[in-house]
Amino acid sequence: MTFFRILILVFLFTASVDSMAQRVVEKYPNGQKKYQGRTENNLKTGTHKYWYENGELQKEEKYNDLGAVIRLREWNEQGELIRDEKPEEVLEGFREKLFNETNWIGQDGIFFHKLKGANELQQRTDYNGIVIHYATYLENGKELDNSFRTKSPLLVQFNSKNLVDGFLRGLRFFEKGDNGYIKVPYDLAYGKDGAPGIPGYANIYFHVLVLDIR
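If you want the numbering used here, it's the 1-based position in the sequence shown plus 1185.
Among the hints, a few may not be true.
Said to hold, decoys possible - Once the Cα atoms are required to be at most 30 Å apart in a straight line, the calculated DSS-like pairs of lysine-lysine come out as:
1. 1271 <-> 1218
2. 1299 <-> 1336
3. 1244 <-> 1361
4. 1336 <-> 1361
5. 1244 <-> 1219
6. 1299 <-> 1234
7. 1299 <-> 1244
8. 1212 <-> 1244
Stated by the list, open to error - Pairwise CB distance ranges (calculated):
9. 1226 <-> 1346: 22 to 30 Å
10. 1238 <-> 1288: 47 to 55 Å
11. 1239 <-> 1350: 52 to 60 Å
12. 1290 <-> 1361: 35 to 43 Å
For the record, the hints were derived by calculation from the structure and aren't laboratory data.
Backbone N, C-alpha and C define an ideal beta-carbon position, used for all residues, glycine too.
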């Protein structure tokens, strides 16, 4: 795995660049293509293919715009399909079950559950900002956004007018080092009309890891 990662890094430096996208191609010593794929903003996107040295397709990975694997197929050297999975669908089902079975606590319509940290109804009001990693989901487990993948923490200012009100209120229950989920009802999220990619009347779920408070 380490050698493979080194190869990827080497080819990233020699790949052609189109805006923020990078096309990566690897070849065997005999000139046969070994790997081909694209990254954008440090995330794998689109279709990534791997070949055996004899030219037969070995593996094909398809990624969505968030960098999540939505389909994975593998073949043996004779060209026979030996694996066909949709990992993101499995994760969506897992998340939906998790959201339905979680013991939420909350007040005034905002609910949360911490995997790490105190599950207490005590809001913090002595800081103005909070630095977090976060992921956003619909109730059916579909992922909407994810800073864990992009490795880009978000600085949230509590006087912000650009974020969901219920999310800001839920963050007030979190402290540095806390890791958990916030459940925001539709009327404190995107309302009855929804937003691009978000249906109306949708409850929104946030996974939050607090890196710092300010």
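| field | Violated hints - listed by number, lowest first | value | The structure conflicts with hints 3, 6, 7, 12, although it agrees with all the remaining ones.
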